[in-house]
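Using the sequences plus the hints, can you model the full thing?
Residue numbering for the first sequence follows my numbering, beginning at 1149 and increasing consecutively.
Hints listed in this document are in silico derivations from the structure and should not be mistaken for laboratory results.
Just so we're clear, the structure is a prediction, and the values are computed from it rather than from any experiment.
Idealized CB from N, CA, C, for every residue including glycine.
Treat the hints loosely; a few may be bogus.
With a straight-line Cα cutoff of 25 Å, these simulated DSS-like cross-link-like pairs (lysine-lysine) come out [claimed, not checked]:
hint	residue 1	residue 2
1	1358	1464
2	1459	1411
3	1451	1411
4	1358	1459
5	1411	1358
6	1384	1303
7	1281	1303
8	1272	1358
9	1463	1358
10	1355	1459
11	1451	1464
12	1463	1451
13	1455	1411
14	1464	1411
15	1302	1285
16	1411	1355
17	1355	1272
18	1285	1303
19	1463	1411
20	1355	1464
What follows is a set of in silico ranges between Cβ atoms, one per label pair, in the way DEER data are often shown [stated by the list, open to error]:
hint	residue 1	residue 2	range
21	1267	1378	47 to 55 Å
22	1343	1455	36 to 44 Å
23	1374	1463	27 to 35 Å
24	1254	1284	15 to 23 Å
25	1361	1432	26 to 34 Å
26	1272	1459	20 to 28 Å
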Amino acid sequence: MRLHAVNTVKKLVLISGISGLSYYAGRQSIENKLESCQKETKNLLSKPALPIFSTVSAAALIPRNETFDKPAIIPKENRIVQIMRYGFPSLDNVRSFDDFVLSYDRRMRTAAWVFEHLTAESVKHNDAVDRAKCDFKPDESIHPFFRADNSDYKKSGYDRGHLAAAGNHKREQRHIEQTFYLSNISPQVGVGFNRDSWNRLERYVRKLTKTFRNVYVCTGPLYLPRKEANGKLYVKYEVIGSSNVAVPTHFFKVVVCEDADGKLELESYVMPNEVISDDTPLENFRVPPESIERAAGLLFFDKINRKMLSKINGKKL
DNA sequence: TTTCTTGT
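Next comes the structure, spelled out in structure tokens:
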């Protein structure tokens, strides 16, 4: 890269989401990112030649349904800062919703990860919120080449399984509705997985808010290699519908809980996307977070001060 | 309680 271009690229990296430069962006604090994003967006607005509407990660740090015409792009109390407090697992195709953040994997037609922040208040039952009123819908913010449609899932034999669980977003009707965008959905085995053991894991994570004041959850698909008859390893996954939506072989959850003293406990799980017996204890699915990072190509909770981490998968450090 | 699909 030519030297004179470097400064411009540095300025653009937060807006354009050039993944190869994520190291630079990753070193900045979230606050700096937002400040910088806000500043650069304003700069860009005065330069109509730059294609700000077609860049992907411009959507990342700017809440949906905010138009670029309004001067106040970043609200003061930013929910996204709260959700992403401990770092972004990656910076590819990041987009934020009102109560969760996701990174979209265009090739797989589903998310690479979704991030949520849960509290006792945010998951408590709310009569005003009705799941039955929600419809699964294509995410129109994704380019049609890479977008999943309801027809892809129809008669596929798979459930439209939430990554950010609907049950985690009952504070407002608007919040739960946004979890039904197909960018937050992956093909999941229904009976025996989505409706059973995976749901059991989701309920367990919600229950953690009873003992911890803050719960941070990262969820995503995995496509793990498997040994075939010739002894070699292959990554093999089914694709469904005319969009070829990838069917993940596994799903992960990495959870960080913060207690009243600010001490942090981490738990990480991998479950195969297949029928799992209901009597299998959830602890059986615990795996070291490093192995999920390697398999997924992600880095979780990058910004956690290791001194604050007291437990990993139940083991004291 | 929450997670869904299919058929009418």
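Evaluation of the provided hints:
Distance restraint check for residue 1358 and residue 1464: the Cα-Cα separation of roughly 21 Å lies within the 25 Å cut-off, and the hinted pair is therefore satisfied. Among the hinted pairs, residue 1459 with residue 1411 is consistent with the structure: their alpha-carbon atoms are about 9 Å apart, no more than 25 Å. With a C-alpha separation of about 14 Å, the suggested pair residue 1451 and residue 1411 falls inside the 25 Å cut-off, and the hint holds. Taking the CA atoms of residue 1358 and residue 1459, the gap is near 18 Å; set against the 25 Å cutoff, the hint holds.
Pair hint residue 1411 plus residue 1358 holds up; C-alpha atoms about 16 Å apart against a cutoff of 25 Å. A distance of roughly 21 Å separates the Cα atoms of residue 1384 and residue 1303; the hinted pair therefore holds under the 25 Å criterion. Distance restraint check for residue 1281 and residue 1303: the Cα-Cα separation of roughly 22 Å lies within the 25 Å cut-off, and the hinted pair is therefore satisfied. A distance of roughly 10 Å separates the Cα atoms of residue 1272 and residue 1358; the hinted pair therefore holds under the 25 Å criterion.
This hinted pair checks out: residue 1463 and residue 1358 have alpha carbons roughly 21 Å apart, not beyond 25 Å. Annotation: proposed proximity of residue 1355 to residue 1459 holds, straight-line Cα distance about 18 Å (limit 25 Å). Restraint check for residue 1451 and residue 1464: the C-alpha separation of about 20 Å stays at or below 25 Å, so the hint holds. Proximity of residue 1463 to residue 1451 is assessed by CA-CA distance (about 21 Å); at most 25 Å being required, the pair is judged to hold.
Among the hinted pairs, residue 1455 with residue 1411 is consistent with the structure: their alpha-carbon atoms are about 9 Å apart, no more than 25 Å. A hinted pair counts as satisfied when its Cα atoms are at most 25 Å apart, and residue 1464 with residue 1411 qualifies at roughly 12 Å. Distance hint between residue 1302 and residue 1285 is fulfilled; the C-alpha atoms sit about 13 Å from each other, no more than 25 Å. The straight-line distance between the Cα atoms of residue 1411 and residue 1355 is roughly 18 Å, inside the 25 Å bound, and the hint therefore holds.
Our distance criterion of 25 Å between C-alpha atoms is met by residue 1355 and residue 1272, whose separation comes to about 10 Å. Proposed proximity of residue 1285 and residue 1303 is supported: the alpha carbons are some 17 Å apart, at most 25 Å. Of the pairs offered as hints, the one joining residue 1463 and residue 1411 holds, with about 14 Å between alpha carbons and a cut-off of 25 Å not exceeded. Distance hint between residue 1355 and residue 1464 is fulfilled; the C-alpha atoms sit about 21 Å from each other, no more than 25 Å.
The supplied range of 47 to 55 Å is met by residue 1267 and residue 1378, whose beta-carbon atoms lie about 50 Å from each other. Separated by about 40 Å at the C-beta atoms, residue 1343 and residue 1455 satisfy the suggested range of 36 to 44 Å. Between residue 1374 and residue 1463 the beta carbons are some 29 Å apart, a value that agrees with the proposed interval 27 to 35 Å. For the hinted restraint 15 to 23 Å between residue 1254 and residue 1284, the CB-CB distance of approximately 19 Å keeps it satisfied.
Taking 26 to 34 Å as the suggested C-beta distance range, the pair residue 1361 and residue 1432 conforms, at roughly 28 Å. Between residue 1272 and residue 1459, the C-beta spacing of about 26 Å keeps the proposed range 20 to 28 Å intact.
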